[in-house]
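**Q** Protein chains in written order, with full-length UniProt numbering: chain V, 1 to 141; chain U, 1 to 254.
FYI, nobody ran anything at the bench for these hints, they're computed from the structure.
Some hints could be false.
Listed next, with one range per pair, are the computed distances between beta-carbon atoms [to be verified]:
| id | chain 1 | residue 1 | chain 2 | residue 2 | range |
| --- | --- | --- | --- | --- | --- |
| 1 | U | Lys147 | V | Ala80 | 20 to 30 Å |
| 2 | U | Val163 | V | Thr87 | 12 to 22 Å |
| 3 | U | Ser201 | V | Arg113 | 40 to 50 Å |
Ideal placement from N, C-alpha and C gives every residue a C-beta, glycine not left out.
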Amino acid sequence: MSDPQETAGKAASPDRHTPKTGEGALDDRLARLNEKLDAKTVHGTVDGDNIRGKSGMGEALRLSSEFVAAILVGAGLGWALDYAFGTSPFGMIGFLMLGFAAGILNIMRATGRVSDFGEPVQGEHLKSDFTIGSDDEDKSA
Amino acid sequence: MATDSTTVDPIHQFAIQPIIPIRVGDYDLSFTNASLFMLATVVVASLFLYLTTASRGLLPSRMQSVTEMAYEFVASMLRDAAGTGGMRFFPFVFALFVFVLVANLLGMIPFFFTVTAQIIVTFALSMMVILTVVVYGFMKHGFGFLKLFVPEGVPMILVPLVVAIEIISFLSRPVSLSVRLFANMLAGHITLKVFAGFIISLGSLGAIGIASAILPLVMVVALTGLEFLVAFLQAYVFAVLTCMYLNDALHPSH
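So that you can see chain V by itself, here it is in the shape it has in the complex:
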């Protein structure tokens, strides 16, 4: 909690109240965010909690397979596109990186940090909570 950052966030929003209540509001918001993150984490681990409780090995295998699979699929797709269109090596380079991103996404989904396929609702809430000082509801109210 550094003060300069906080005041900077405050300055960004014009109709902020006094600094004191601002700090309280920020704490409030952080608490709410934590709550939501907790709820999200619990909700997301459909089978994760079972594995986590019983053997770390199981979870390690699970997460690593998620990660490696996405990279392999990305590389495979890139190679296939190169093969089809003769754009070697750029397709493979690009899709390898996309596969890397998809692997991270897979892991975050598997651990429940990110909403699932086509499930934007919670993500939206989180996003509006992350951007400090842009409270549309406050302004309209």
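Given chain V, work out where chain U should sit, using these hints.
**A** Relative to chain V, chain U alone:
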């Protein structure tokens, strides 16, 4: 090979040997030990389910309640993940769960072949799941199924990138689903074999060797217990993930 009696080849147990050689044209369609144990899995599972429920007691016998518990377990898992609409896939998910579970458990019997430690078997199973998801998703929602790949609330500029990542993530599902089951069973059986091999190698070293062979023996006993846990857990994980993927086919945009 002179040293064959004391060295152990931990991979040998996964070798596929033809039992009844069959050739059709250029294809080798032999009835192998893998086919035999897949057949055995289906026969054992079907016989168990049939015989335990044959009496149809209102008060279930011990064995009948095992079958009923398995049914309830899969049914509630599917209902939780995909809603009541997902129950149309119950036969599919139940068959998958029982097949994987029985195949894993049969593999725990000494000298038996583990079909789920063959990547082609697990890959075929997971392709069945993913093709069901894709075909049913398009049948039910048409092109609306593609909304699965476009998360809401993403800026237009980022949409192509995000869609590419989502598609790769979707395509990686059958791969990770099959690799997970395969790797767990393969690694478990190799570990068991290696530690069991230590017992034999140490045992051939005289009195001290036999005394110290107790350590890997303890390890093998513990690992066997762990492997039974893994056998159940992996069947469960496979079924749960199947349910979650089927949920995407039923409700592509929540």
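**Q** Hints first: check each against the structure and report whether it holds.
**A** Right, here's what the structure says about each hint:
1. Lys147/U to Ala80/V: 20 to 30 Å: The hinted range 20 to 30 Å holds for Lys147/U and Ala80/V, with Cβ atoms some 25 Å apart.
2. Val163/U to Thr87/V: 12 to 22 Å: Holds - the Cβ-Cβ distance for Val163/U and Thr87/V, about 20 Å, lies within 12 to 22 Å.
3. Ser201/U to Arg113/V: 40 to 50 Å: holds (46 Å)
Every hint, counting from the list given before, is met by this structure.
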